[in-house]
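Trainee: Here the protein sequences come in this chain order: G and V.
As numbered in the working numbering, residues 1 to 277 make up the first sequence, in order.
As numbered in the working numbering, residues 1001 to 1303 make up the second sequence, in order.
Treat the hints as calculated values from the structure; they're not laboratory data.
The reader is advised that the hints may include incorrect statements.
[Claimed, not checked] When the alpha-carbon atoms are kept at most 30 Å apart in a straight line, the in silico DSS-like pairs for lysine-lysine are as follows:
#  : chain 1 : residue 1 : chain 2 : residue 2
1  : V       : Lys1223   : G       : Lys105
2  : G       : Lys264    : V       : Lys1292
3  : V       : Lys1223   : V       : Lys1213
4  : V       : Lys1213   : V       : Lys1197
5  : V       : Lys1151   : V       : Lys1213
6  : V       : Lys1272   : V       : Lys1058
7  : G       : Lys4      : V       : Lys1135
8  : V       : Lys1135   : G       : Lys72
9  : V       : Lys1135   : V       : Lys1299
10 : G       : Lys102    : G       : Lys238
11 : G       : Lys5      : V       : Lys1110
12 : G       : Lys4      : V       : Lys1197
13 : V       : Lys1166   : G       : Lys238
14 : V       : Lys1060   : G       : Lys132
15 : G       : Lys264    : V       : Lys1197
16 : G       : Lys238    : G       : Lys72
17 : V       : Lys1060   : V       : Lys1265
18 : V       : Lys1135   : G       : Lys238
19 : V       : Lys1299   : G       : Lys100
20 : V       : Lys1292   : G       : Lys100
21 : V       : Lys1166   : G       : Lys264
22 : V       : Lys1299   : G       : Lys4
23 : G       : Lys238    : V       : Lys1197
24 : G       : Lys132    : V       : Lys1213
25 : V       : Lys1223   : G       : Lys102
26 : G       : Lys102    : V       : Lys1292
27 : V       : Lys1223   : G       : Lys100
28 : G       : Lys238    : V       : Lys1265
29 : V       : Lys1265   : V       : Lys1058
30 : V       : Lys1213   : G       : Lys264
All of these numbers come straight from a predicted model, not from anything done at the bench.
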Amino acid sequence: MKTKKVTRNIGYYIILALFSLMVLIPVLWMVSTAFKPEVETFTIPPRWIPENPTLDSFRNIRTAYPFFTQLKNSFIVVVGSTIITVIFACFSGYGVTRFKFKGRKQFMSFLLVTQMFPSIMVLVPFYTILNKLNLINTYWGLIVVYVSMSIAFATWMITSFFKSIPISLDEAAIIDGCTRFQVFWKIVLPLTIPGLVSICIYCFINGWNEYMFASTFVTTEEMKTITVGIAELSGQYKILWNDMMAASLVASVPLVVLFVFLQKYFISGMTAGAVKN
Amino acid sequence: MDIEKGESMRLFKYRTTNVNRMGYSFILPNLIVMLILITYPVFRGLYISLFNTNLINKWKFVGFNNYTDVLFNSEFYSSVWITLKFTFFVVLGHFIIGFILSHILNKNIKGITLFRAILIMPWLIPESVLAMVFKWLFNPVYGLVNHLLMKLSIISEPLSWLGDGKYAFFIAVMVCIWKGFPMIMMMILAGLQSIPKTLYEAGQIDGASNWQKFIYITIPSIKHILATALILDTVWWFKHYTIVWVLTQGGPGSATSLISIDIYKTNFEYFKFGKGSATAILVFFICFAIGKIYERVFKANED
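Construct all of the structure, not just a fragment, from the sequences and the given hints.
Mentor: Rendered as C-alpha cells:
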C-alpha cells in the first residue's frame, strides 16, 4: 500500500515538474535576457546564462523611456477600475441573491451574453463615445472602459459567492433592527472577503494586461499604460530585447506580489463561489 | 435557484412591497454601467453595420448589404473555420491540462504551493509581452527553439516556424494553450475542492474503482462549473485577438487569420467600418449559438 502511494506521488511530481518546466522556460528566458547586454541578445547559439551580466537594461528603462510614468498610469487606471467594478458587482450580487424581483434571471443571463460580444466590435463605438465626452487620453476614459470589460464576469463570480451565505443571517439581523444596507455592509460583505479578493485579482490582472483598448484610446506619450509602453519598445527595425524583458519583469512584479500574498484567498474564494449555480 | 425556496420566503412576505424596489436599487449601478458601456456600444455597432462609412464624413445607408457581402464571401467561412479549429484545439488543450493539473494540485502532497505558484504564471504575463517572447523563441535565425531542437538532433536545420502555415497555426494554438490553461485549472481546482470527502469515502465502501469515482462522483459534482468554464473559455478564445495578431498578423497567407483579426483588418486597414461591424455582429451570433448548444448538451445530461 505504502510503496504504491510513493510511486504514485513520484508520478505526480514528474507531471508537475514537466508542466512547470514548460511554463518556466519562457519565463526564465525573459529573466536571463533582462540581464544581458544588447549584443548578447542576438548571439548564436543562444546562451542561458549571460556572459557579461549587467543591470544596464534596468537603468535604461528608468532613464531612456517614460517607463515609471507608464507604471503609474497603469496603476491609477487599474486600481480605479477595480474599485468601481468590485463595488458595483457586490451590490448587484447582494441584490440578485437577496431579493426576488422581476428580471432577476434575465439580468444574470444578460451578464453571460455580454461575454459573447467581440471586444473589437465595441472598439469603434467606444472611441466615438469617449471622444464626445472628451475622455480620450484621460484616466477616466480607460477606467470606464476597463470597468465595462470586467464587470460582467466579476458580478457573475461574486453572485455565486453570495448565494453560499445563508439568508437566515440576513433575517436575524433585520429582526435585530439592522437596516438592509447595514446587513449588506456589516454582516454579509465581511463573510465574502475571499470572494472579494478573487474578483479584485481578476479585475486587476485583466486591467493590468489589457493592450488593445489602451493602445487605441491613449495617444499621448505621458498617458500611456505599461503594456502599450512595453509593446512600443519593439521598434520597426530593431527590438531591444533586453530592455523589453527588463520592463516586462518590472511590470510583472505588482501582479506576482499581489498573487503570492493573496493566492490562499483566491482559491478559497473561487471554491466557495463556484459550488452552486 | 435555491433562494426562491424555504426560509427566504418568510422574509419576503412581510416586506413584499419594498422588496422588489430594493432589489432593483442594488443592481441599479451595475445595470446603468452595463447599459451605457456595453449595450449602447453594441447598438452603435449594429447601427454602423448598416452603413457604408468611414466614420467621419461618409455615411451611406446600405441596409443589410454589408451582411450579404460578408455572407456571400467564402473568405468569411474560411476564417470562421480556422477560428473554430483554433478554438477547438485551444479549449481542448486547456481542459486536458487543466484536468490533469487540478487533479494533482488537489492532492495533499508536499511543495504543492510552489507548483501552484509556478503554474499560475502564464496568467500573470500580459498577452502582448508573451506573444513577443514566443515570437522571439521561435525566431528562425537566433531563436532558442531551433537551437534546442537541433542540439537534441530532432531537426537538422533551422525551421521558419512562423513563416510556414503548417507550423504557424500549430504554434499559435500552443501559445494560446500555454497562456490560458491556468484559468481553467483554477476553476476546476475550485470545483474539486468543493466536493465533500464523504462522497469518495462512500464510493470506497461501495467498492468503486478510481475511474468509476471520477465518472460518477467527480464529474457530476463539478458539472456546473465545467459548463460555465467551457462556455466562457470557448467564447473568449473564439474572439481571441492579441496573441495571434502579435505572433503572425493572421499569416502566413491566411493560416492563422482568426475572425477577430479579419475584423480588425477590415476596420483599420481597409477602413470598411460597416463591413467590420457586420462581421462582428455575426461573430456574436456564432458565440451565442455555441453557448446555447453547450447549455442544451449539459441540460440533456441533467438527469
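Trainee: Now tell me if each hint is right for this structure.
Mentor: Comparing the hints with the structure gives:
no.: 1; hint: Lys1223/V / Lys105/G; verdict: 20 Å, holds
no.: 2; hint: Lys264/G / Lys1292/V; verdict: 34 Å, violated
no.: 3; hint: Lys1223/V / Lys1213/V; verdict: 14 Å, holds
no.: 4; hint: Lys1213/V / Lys1197/V; verdict: 12 Å, holds
no.: 5; hint: Lys1151/V / Lys1213/V; verdict: 44 Å, violated
no.: 6; hint: Lys1272/V / Lys1058/V; verdict: 11 Å, holds
no.: 7; hint: Lys4/G / Lys1135/V; verdict: 43 Å, violated
no.: 8; hint: Lys1135/V / Lys72/G; verdict: 28 Å, holds
no.: 9; hint: Lys1135/V / Lys1299/V; verdict: 42 Å, violated
no.: 10; hint: Lys102/G / Lys238/G; verdict: 59 Å, violated
no.: 11; hint: Lys5/G / Lys1110/V; verdict: 13 Å, holds
no.: 12; hint: Lys4/G / Lys1197/V; verdict: 21 Å, holds
no.: 13; hint: Lys1166/V / Lys238/G; verdict: 27 Å, holds
no.: 14; hint: Lys1060/V / Lys132/G; verdict: 22 Å, holds
no.: 15; hint: Lys264/G / Lys1197/V; verdict: 20 Å, holds
no.: 16; hint: Lys238/G / Lys72/G; verdict: 27 Å, holds
no.: 17; hint: Lys1060/V / Lys1265/V; verdict: 21 Å, holds
no.: 18; hint: Lys1135/V / Lys238/G; verdict: 14 Å, holds
no.: 19; hint: Lys1299/V / Lys100/G; verdict: 24 Å, holds
no.: 20; hint: Lys1292/V / Lys100/G; verdict: 25 Å, holds
no.: 21; hint: Lys1166/V / Lys264/G; verdict: 42 Å, violated
no.: 22; hint: Lys1299/V / Lys4/G; verdict: 39 Å, violated
no.: 23; hint: Lys238/G / Lys1197/V; verdict: 57 Å, violated
no.: 24; hint: Lys132/G / Lys1213/V; verdict: 59 Å, violated
no.: 25; hint: Lys1223/V / Lys102/G; verdict: 28 Å, holds
no.: 26; hint: Lys102/G / Lys1292/V; verdict: 23 Å, holds
no.: 27; hint: Lys1223/V / Lys100/G; verdict: 26 Å, holds
no.: 28; hint: Lys238/G / Lys1265/V; verdict: 24 Å, holds
no.: 29; hint: Lys1265/V / Lys1058/V; verdict: 19 Å, holds
no.: 30; hint: Lys1213/V / Lys264/G; verdict: 27 Å, holds
Taken one by one, the earlier hints fail for this structure at numbers 2, 5, 7, 9, 10, 21, 22, 23 and 24, listed in ascending order.
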